[in-house]
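**Q** Here are the chains, one letter per residue:
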Amino acid sequence: MPQADNEHSMSIKVLYFASLREQFGCNEQQLDSAGIHTVADVWRLVSSGHTFKQSVLHSVNQQYAELEAPVKAGDEVAFFPPVTGG
Amino acid sequence: MPQADNEHSMSIKVLYFASLREQFGCNEQQLDSAGIHTVADVWRLVSSGHTFKQSVLHSVNQQYAELEAPVKAGDEVAFFPPVTGG
Amino acid sequence: MITILKAAFDPWQSIVDYQQQMNRDGEYGACATFVGTMRDFNEGDQVNTMLLEYYPGMTEKYLEKTVVSAKQQWQLLDVLLIHRVGELLPNEPIVLVAAWSAHRKDAFEACRFIMEDLKSKAPFWKKECFVEPDQQAQKNRWLAKNTSGY
Amino acid sequence: MITILKAAFDPWQSIVDYQQQMNRDGEYGACATFVGTMRDFNEGDQVNTMLLEYYPGMTEKYLEKTVVSAKQQWQLLDVLLIHRVGELLPNEPIVLVAAWSAHRKDAFEACRFIMEDLKSKAPFWKKECFVEPDQQAQKNRWLAKNTSGY
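Residue numbers (my numbering), protein chains in the order written: chain A, 1 to 86; chain B, 1001 to 1086; chain C, 2001 to 2150; chain D, 3001 to 3150.
Hint data in this document are derived by calculation from the structure and do not stem from the laboratory. We treat Cβ as the ideally placed atom computed from N, Cα and C, and that holds for glycine. Each hint should be verified, as a subset may be incorrect.
Claimed, not checked - A few chain D residues that face chain A, going by a derived Cβ cut-off under 10 Å, partial list only: (1) Met-3058; (2) Thr-3059; (3) His-3083; (4) Pro-3090; (5) Glu-3092; (6) Ile-3094; (7) Val-3095; (8) Val-3097; (9) Phe-3113; (10) Leu-3143.
Construct all of the structure, not just a fragment, from the sequences and the given hints.
**A** This is the structure we're talking about:
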């Protein structure tokens, strides 16, 4: 198996939207999946040093997910503030 | 006061709509107001000899009115089946 | 505005035209509408035409009362209500209700209220001209009663 | 049909066009619609433009789930849902929901359900560019939360 694929499959893609995107100063980052088992693990890693005025929503692979939801290498995890569409 | 006005003011205008209009074979009739005090009095007079498959609604001067509602000379009374607009 | 119409109308164009002359651009955040259309089938029979009868005078008064009541219950910027009478063909619009408000709750609830009040109490009566399955002859029937919407 | 649009759209013309190609004339007796429009005032400030952000992929999936859920709960002939994204000006339409059914209850309730579900859970975010009273400078703010519609 080529090394590139292997490396890709070891990472978790993390997305931020709206005010969280601005607060993190970043749309998207890749996290090493080592030691990550749940959404809460991802959040602990990325949010350290930040404080949040709003509640934060989360999804795994483009579906709403609880903090306890499992996360594995190759997954897409997103964090965003309460939605305001319509 | 001219006689015509006097005669008009002695009568009650009765209107029928939809299936009731067809059953009575008539849109409108003038009733002598003598002895008429309520919608029920009008209905007793006009409905004798008829039987009705539907419930009948009634109005006085273009507003829904109970059978006990007062009716006087010059009023417009209407009878019609349940409404089916919209 | 409340209108009773003897000729066919385009409900969507009516909304566009009315909204333009309302002159409240930027104020309304919500518009809830309902369009009722004549179907070509009812109670298993093919309906060819429909006659819509009303009570000139009382019908207008009743609709006015309905719209005033809606404006008392909800914060509305405007209401448009058009109801067809006379002879209708399948797929022709029968009724249009449009309610404009700043926020969605008012427009939604007022539009629904107006339609339910109209269906249950406004003096209109429908007579269908239909053909039964496997029959040739046209028949007529007055609709007995509107279904409850809730 | 569900569409996310980056350019301005005419909700009423969209309904007319969609209804034409639905090809279900005579079947639908009811069409309930909702149009959400950008207002030029919010929280006491004059709003000049609005940026609507979304989550490509998840937003479409969420809207699809909403419409499927509506079709499971009510008897619907069709649903049209259009949502705008990108930069908006006051009075531009943000969202259109139209639901067609044989009888009014289904169209009304499905249209309301879709809007409430969209407002409370579909991944869209609004950022307003506004001017405070007696101020010159433009400011930006993300809207904090949609109000509950019920």
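**Q** Taking 10 Å as the limit, does the beta-carbon of Met-3058(D) come near enough to a beta-carbon in chain A?
**A** This interface hint holds because 4 Å falls under the 10 Å limit.
**Q** If you take the shortest Cβ to Cβ gap from Leu-3143(D) to chain A, is it below 10 Å?
**A** holds, 4 Å
**Q** Interface hint check: Phe-3113(D), Cβ to nearest Cβ on chain A, cutoff 10 Å. Holds or violated?
**A** violated, 13 Å
**Q** Measuring from the C-beta of Ile-3094(D) to each C-beta in chain A, is the shortest one below 10 Å?
**A** holds, 7 Å
**Q** How about Val-3097(D): closest beta carbon in chain A under 10 Å, or not?
**A** Holds, about 9 Å.
**Q** Should the hint that Glu-3092(D) touches chain A count as held when the rule is a Cβ pair under 10 Å?
**A** violated, 14 Å
**Q** Would the hint on His-3083(D) stand, with a C-beta cut-off of 10 Å toward chain A?
**A** Status holds, d = 7 Å.
**Q** Please check whether Val-3095(D) passes as an interface residue: C-beta within 10 Å of a C-beta belonging to chain A.
**A** holds, 5 Å
**Q** Would the stated hint for Pro-3090(D) survive a check requiring a Cβ distance to chain A of less than 10 Å?
**A** Nearest chain A Cβ about 16 Å off; hint violated.
**Q** Does Thr-3059(D) meet its interface restraint, that is, does its C-beta lie within less than 10 Å of any C-beta in chain A?
**A** holds, 8 Å
When held up to the earlier numbered hints, the structure conflicts with 4, 5, 9 and fits the remainder.
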